[in-house]
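Go ahead and model the full structure; you've got the sequences and the hints to work with.
Heads up: the sequence shown runs through residues -28 to -1, 1 to 356, numbered per mature numbering (1 follows the signal peptide of the UniProt record, and there is no 0).
Please keep in mind that the hints were generated in silico from the structure rather than gathered at the bench. Hints may be right or wrong, so weigh each one.
Simulated restraints, written as ranges between beta carbons of each label pair [what the hints assert, rightly or not]:
no.	residue 1	residue 2	range
1	K43	Q179	41 to 51 angstroms
2	A316	E39	19 to 29 angstroms
3	L202	S313	41 to 51 angstroms
4	G303	E240	39 to 49 angstroms
5	G286	E39	24 to 34 angstroms
6	W186	T315	44 to 54 angstroms
7	D143	E200	35 to 45 angstroms
8	A111	S162	25 to 35 angstroms
9	D44	Q179	45 to 55 angstroms
10	G196	T315	35 to 45 angstroms
11	G219	D44	43 to 53 angstroms
12	W186	A12	26 to 36 angstroms
13	T59	P106	35 to 45 angstroms
14	P156	R46	24 to 34 angstroms
Owing to the predicted nature of the structure, the values given are computational and were not obtained by experimental measurement. Think of the CB as a built atom: it goes at the ideal place given N, C-alpha and C, for glycine as much as any other residue.
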Amino acid sequence: MAPAGQAAAPMITSLVTLLLAVPGPVAASSSVLNFEAYLARFGLQYPESELPARRALFVQRLAAISEHNAKDRRLWTAGVNELTAATAPEISARFGYSKALREPHVAAGALAQRPLLRANLAPPRSFDWRDHRPSVATAVKNQGSCGCCWAFAAAAALESHIALKTGILFDLSPQQLNSCTPNPQQCGGSGGCLGATAQLAFNYTIQAGINTQWNYPYMSGITGKTEECLGSAGGYGAHKYGRRVAGIRSYVQLPRNDAQALMAALLEGPVAVTVAANEWFLYDGGIFDACDKIRPLLNHAVVLMGFGVDPLNGDPYWLVQNSWGTGWGEGGRIRLLRHTSNTAWCGVDDQPELGTGCDGGPEKVTVCGMCGILYDNVVPHFSA
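Dropping the structure here:
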């Protein structure tokens, strides 16, 4: 999840190289028309000098999309979105970890390992927090050109859990979390747009609370910069744009690689999860099953909103909400293939320079579930 030019960029190089190697069957004249329509549809503007290279990327990725969608018995569909003409560094900027979290460092008392109330109950066949009334499902956001997915995932989880607790669905400020969350041990990156973790965001919220998006608006997606914290020294305390509207007392780190624990926690509220998202940028719909099984590199934070079974093919899935806008995926969400066994899809994240998490963490770890979804999951709580 590092921004352009940072360590995460090589993670997607092989995929981008593969896409560029696909021959483009689209005629040049039609590609100009389609490319211009594409720019208009997604409101994209590039310098005149970049247009030939952007057009070439667009045509070559159209070929890759067509090639994938021509496969028999595929579970998901590739499609055009605002990343179709993006460069490798620009795609990397949508990820928020230059290091994926391993063993979290948290302040004493901040981490509460609590029993999961529904762990021994048979789960329903499907569950979706968007169906809850009154609504507790936060709207899909767009982090833009800043690698602060961790702040968006934390804010979204906070919004839903606060709504479940109080009946009020706030629109909380990811900018405050991005700008103000301390990261002295460089967990998930060096902080802000250069990467951090949802755990750090929750720990900050314990100390300082959080304001609304209205009072503390998001700017980093436009500037690509972390931006100055508009608060007291050290990132804690009152903010220039008004008092905090909400807070938490603790958070829970779920057991690693445990689907039952994850599902039990999900039945209590949305969960902030870490995933390997290198292969996501062509996703348009369906049940995604294309993450690297052997070497999943965790690099992106999202929110788990539900689970279910596809009515057409019977495949089980996790429902995940992303922060790349509603023009990506299924209205800003993705369904990941859900396995019935914890060990059915496991791999090793073995690149410490990209994925050791906090300074001094282990060199490699085993992560399970499609895109590593079972490994690093956390939820906020309102009691110490």
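(message) Holds or violated: the 35 to 45 angstroms window for the beta-carbon distance between D143 and E200?
(response) 22 angstroms Cβ-Cβ, so the 35 to 45 angstroms window is violated.
(message) Given a hint of 25 to 35 angstroms, does the C-beta separation of A111 and S162 actually sit inside it?
(response) Given range 25 to 35 angstroms: holds, Cβ gap about 29 angstroms.
(request) Can you let me know if the beta-carbon spacing of T59 and P106 is within 35 to 45 angstroms? (result) 42 angstroms, holds
(message) Assuming the hint says 43 to 53 angstroms, is it satisfied by the Cβ distance from G219 to D44 or not?
(response) 52 angstroms, holds
(request) Please test the hint of 41 to 51 angstroms on the beta carbon pair from K43 and Q179. (result) Between K43 and Q179, where Cβ atoms are some 50 angstroms apart, the hint holds.
(message) Please check whether P156 and R46 have a Cβ separation lying inside 24 to 34 angstroms.
(response) 45 angstroms, violated
(message) I want to verify a distance hint. Is the separation of the beta carbons of L202 and S313 within 41 to 51 angstroms?
(response) Taking Cβ atoms as reference, L202 and S313 lie about 47 angstroms apart, which means the hint holds.
(request) Using the beta carbons of G196 and T315, state whether their distance is inside 35 to 45 angstroms or not. (result) 40 angstroms, holds
(request) Indicate whether the distance between the beta carbons of G303 and E240 respects the range 39 to 49 angstroms. (result) 24 angstroms, violated
(message) Taking the Cβ atom of W186 and the Cβ atom of A12, is their distance within the range 26 to 36 angstroms?
(response) Distance hint for W186, A12 holds at roughly 30 angstroms.
(request) Given the hint of 19 to 29 angstroms, check if A316 and E39 actually sit that far apart at their C-beta atoms. (result) At 27 angstroms between Cβs, range holds.
(request) Evaluate the given range 24 to 34 angstroms for the C-beta pair formed by G286 and E39. (result) Holds: the Cβ-Cβ distance is about 26 angstroms, inside 24 to 34 angstroms.
Hint compliance for this structure: hints 4, 7, 14 are not met, and every other hint is.
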